[in-house]
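**Q** In case you want the letters, here they are:
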Amino acid sequence: MENGYAKIMKWTEKVLDGGEVTEEDARQIIRTSEEDTVFLLAMADRIRQKFCGRAVDLCAIVNARSGSCPEDCKFCAQSGHYQTGVKTYSFLSEEKILEAAKKAKASGAVRFDLVTAGRGQTNARDFEEILDLIGKIRKEVGIEVCCSLGFLTDEQARRLKKAGISRLHCNIETAPSYFHEVCTTHSMEDKEKNIAAAQKAGIRVCCGGIIGLGETLDQRVEMAFQLKKMHIDAVPLNVLNPVPGTPFAGNHPLSPMEILRSFAMFRYVLPKALIRTAGGRQVNLRSLQPMALAGGLNGVMIGNYLTTSGSDPRDDLRMLHDLGRSRTQPDLAE
Amino acid sequence: MDSSVASIMNCADQVIKGIPLDRKQARALMHTEAHDTLFLLASADRIRQYFCGDSISFCADINARSGRCTEDCRFCAQSGYYHTGVKEYALRSEEDLLRQAKAAEAYGAARFGIVTSGRGQEDPVQFRHIVSAVRKIREETGLEVCCSLGLLTEEQLNVLREAGAVRIHCNLETSERNFPNICTTHTYQDKIRHIRRIREAGLEVCCGGILGLGETEEDRLDLAFALQKLEICSVPLNLFTSIPGTPFAHRKGLTPMEACRIFAVFRFILPRAVIRVCAGREKSLRDLQAMAFASGLNGAMIGGYLTIEGQPPERDRQMARDLGRTGGEAGQDLS
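Keeping their order, the protein sequence lines are chains A and B.
Sequential numbering of the first sequence, starting at 1, is according to our numbering.
Sequential numbering of the second sequence, starting at 1, is according to our numbering.
These are computed hints drawn from the structure, not numbers from a lab.
Every residue, glycine too, gets a C-beta built ideally from N, C-alpha and C.
Be careful, since some hints might not be right.
Cut-off 30 Å, straight-line C-alpha distance, at most; resulting in silico cross-link-like pairs (DSS-like, lysine-lysine) [as the list claims (entries may be wrong)]:
| id | chain 1 | residue 1 | chain 2 | residue 2 |
| --- | --- | --- | --- | --- |
| 1 | A | Lys139 | A | Lys102 |
| 2 | B | Lys24 | B | Lys136 |
| 3 | A | Lys193 | A | Lys161 |
| 4 | B | Lys283 | A | Lys103 |
| 5 | A | Lys105 | B | Lys24 |
| 6 | B | Lys283 | A | Lys7 |
| 7 | A | Lys74 | A | Lys14 |
| 8 | A | Lys10 | A | Lys162 |
| 9 | A | Lys139 | A | Lys162 |
| 10 | A | Lys10 | B | Lys24 |
| 11 | B | Lys17 | A | Lys14 |
| 12 | B | Lys87 | B | Lys136 |
| 13 | A | Lys200 | A | Lys229 |
| 14 | A | Lys50 | A | Lys10 |
| 15 | A | Lys10 | B | Lys17 |
| 16 | B | Lys87 | A | Lys50 |
| 17 | A | Lys102 | A | Lys161 |
| 18 | A | Lys200 | A | Lys161 |
| 19 | A | Lys103 | A | Lys162 |
Now the in silico label distances, taken between C-beta atoms and shown as ranges [stated by the list, open to error]:
| id | chain 1 | residue 1 | chain 2 | residue 2 | range |
| --- | --- | --- | --- | --- | --- |
| 20 | B | Gln311 | A | Glu95 | 35 to 43 Å |
| 21 | B | Glu218 | A | Lys139 | 52 to 60 Å |
| 22 | B | Tyr107 | A | Arg318 | 46 to 54 Å |
| 23 | B | Arg99 | A | Gln28 | 48 to 56 Å |
| 24 | A | Glu34 | B | His35 | 45 to 53 Å |
| 25 | A | Gly324 | B | Asp54 | 23 to 31 Å |
| 26 | B | Lys252 | A | Lys162 | 31 to 39 Å |
| 27 | B | Tyr107 | A | Thr216 | 32 to 40 Å |
| 28 | B | Asp54 | A | Lys139 | 19 to 27 Å |
Go ahead and model the full structure; you've got the sequences and the hints to work with.
**A** This is the structure:
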């Protein structure tokens, strides 16, 4: 048997038996040869089957407050530091947000994420509005609610928990060793503190990042282990969709097969996590998108992204059906 | 790892060592459970890599004479027995065939098939036109020319070979057992005799069939093993698409995963063949087309089919590139 093949088998068995791959293992996994990649995906799929089952978790997001962000994240269309021509608006009306939540529900999403641009929640009125919306959306629309609101105070975290959010989203974006290349207005430590505070308040955290920011393969592995260290069990993985005007506008695109190998590596490192393909999947994976779901993933962000449009959710549902996958149901227990 | 995975792996190792699978092993693969299917596909991909390398053979064809066919194949839009509303026309002009061939070459095909409806070539004038078109295409393009002209005589085959055709297409369509259920105006044995004649004339044979005609898994295995026995080098597999007006109009065809699974088993049985997905791939595989190419396939018909349209060839070339594959018979650049 070829060497790479036997190694993949060994790592897979280790994980299936409840063991863990080491950082060195993961560095080899992400370097799986082009020839062994389809095999790697099939094995990542077995790990997904064993620990996560058939169901795929669909979520949708709304950009509730857009642009003019004081942070300088170099990939982001919404940073006020760059001229990206993104639509800028203050907090959307309750009516618009409820409408977006209904649309998400109708599209098949089980969770709906309220996202705001900005460092945190400094506008008290917006924050009260968000708290109010969480209960309303759960009750009136019948969909779980997540929030992505930047850095929060302990008090804000507690109040969100009380209002009934399912998860708080806060991406680490990239590896700790690369973070300063991506953003200088806040640090990985700031992220860690924010996430730890949410976890302390009893909130489940959704935390992932973006690949294709110029990080090395090893840094992608480092990011996966950082998530593991932080006990993250829901990981959205975006692939950079370069935004004109941002410092990363000219980044070299990743090949679809490299993206699939990277996703599979995350599954080996985080066997039980909900790992989700999110922004950039259409432009970067193109016709290989189903192979991501057949390569270890068990979540998809559907509908439009924050500043770019996505697929018709009906096409995504058909893809899931064709892959023989089911969907998770919203958990709306009080 | 569980025993089902181990047995799929053993089958793949056996095929890679050059030892053909027996019927029982192939049957077990055909009945692979849903949770093991991706492993089966990846194993078929390994066999494809080992025997066939990374290139995807793209071919295109032209429906040179359409409809009013004397045969009663129950899936076919062109049979004169059914009212399908298919466009009917007599033989297209030589210039037309040449123009289409040049277009196919431009969009990435390495081979070009001239296809005519009908039982065979009874009209000597039309046949002369076809032969002349074959010669012209050989002279003016870099394409390999294939012909799918029904049941041909020894003499006709010799003429085609001399004109520069390299490969003759003649599908078995399905198993010998199932054949009378899909066609009664000619027999499976007529096809076998024809394939033998093609060989004897020193031409290559392109021969496959249609999946989803209501055949059983055993019929599919029969077809695969028949192709193995005939040592077919190019196997087009079509996915049944229902044509209103035909007796099979109500049939449903396969799900994308079923199709991928069958392709994979064909790869195990025919490790060295160009296994080519043809008509029905867009409709039957939908988003899983790329997966099919990662499941043992190494050929595709591009640019549309006889009576149905296909997706833009640029999309196929992009998909091949994204899968890390090269195009054409000679691994030509896809960019």
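**Q** Decide, hint by hint, whether the structure agrees.
**A** So, going through the hints one by one against the coordinates:
1. A:Lys139 - A:Lys102: 11 Å, holds
2. B:Lys24 - B:Lys136: The hint is violated at about 48 Å.
3. A:Lys193 - A:Lys161: Distance ~17 Å between Lys193 (chain A) and Lys161 (chain A) Cα, so the pair holds.
4. B:Lys283 - A:Lys103: 28 Å, holds
5. A:Lys105 - B:Lys24: The hint is violated at about 48 Å.
6. B:Lys283 - A:Lys7: 38 Å, violated
7. A:Lys74 - A:Lys14: Cα-Cα ~38 Å, so violated.
8. A:Lys10 - A:Lys162: 45 Å, violated
9. A:Lys139 - A:Lys162: 15 Å, holds
10. A:Lys10 - B:Lys24: Distance ~29 Å between Lys10 (chain A) and Lys24 (chain B) Cα, so the pair holds.
11. B:Lys17 - A:Lys14: 28 Å, holds
12. B:Lys87 - B:Lys136: 26 Å, holds
13. A:Lys200 - A:Lys229: This hinted pair holds, its Cα atoms lying about 15 Å apart.
14. A:Lys50 - A:Lys10: 16 Å, holds
15. A:Lys10 - B:Lys17: 22 Å, holds
16. B:Lys87 - A:Lys50: 52 Å, violated
17. A:Lys102 - A:Lys161: With a Cα-Cα distance of about 22 Å, the restraint between Lys102 (chain A) and Lys161 (chain A) holds, given a limit of 30 Å.
18. A:Lys200 - A:Lys161: With a Cα-Cα distance of about 11 Å, the restraint between Lys200 (chain A) and Lys161 (chain A) holds, given a limit of 30 Å.
19. A:Lys103 - A:Lys162: Measuring from Cα to Cα gives roughly 25 Å; hence the hint holds.
20. B:Gln311 - A:Glu95: 35 to 43 Å: Holds: the Cβ-Cβ distance is about 41 Å, inside 35 to 43 Å.
21. B:Glu218 - A:Lys139: 52 to 60 Å: Holds - the Cβ-Cβ distance for Glu218 (chain B) and Lys139 (chain A), about 55 Å, lies within 52 to 60 Å.
22. B:Tyr107 - A:Arg318: 46 to 54 Å: Taking Cβ atoms as reference, Tyr107 (chain B) and Arg318 (chain A) lie about 27 Å apart, which means the hint is violated.
23. B:Arg99 - A:Gln28: 48 to 56 Å: 52 Å, holds
24. A:Glu34 - B:His35: 45 to 53 Å: 26 Å, violated
25. A:Gly324 - B:Asp54: 23 to 31 Å: About 28 Å separates the Cβ atoms of Gly324 (chain A) and Asp54 (chain B), which means 23 to 31 Å holds.
26. B:Lys252 - A:Lys162: 31 to 39 Å: At 52 Å between Cβs, range violated.
27. B:Tyr107 - A:Thr216: 32 to 40 Å: 38 Å, holds
28. B:Asp54 - A:Lys139: 19 to 27 Å: 55 Å, violated
When each numbered hint is compared with the structure, violations occur for hints 2, 5, 6, 7, 8, 16, 22, 24, 26 and 28.
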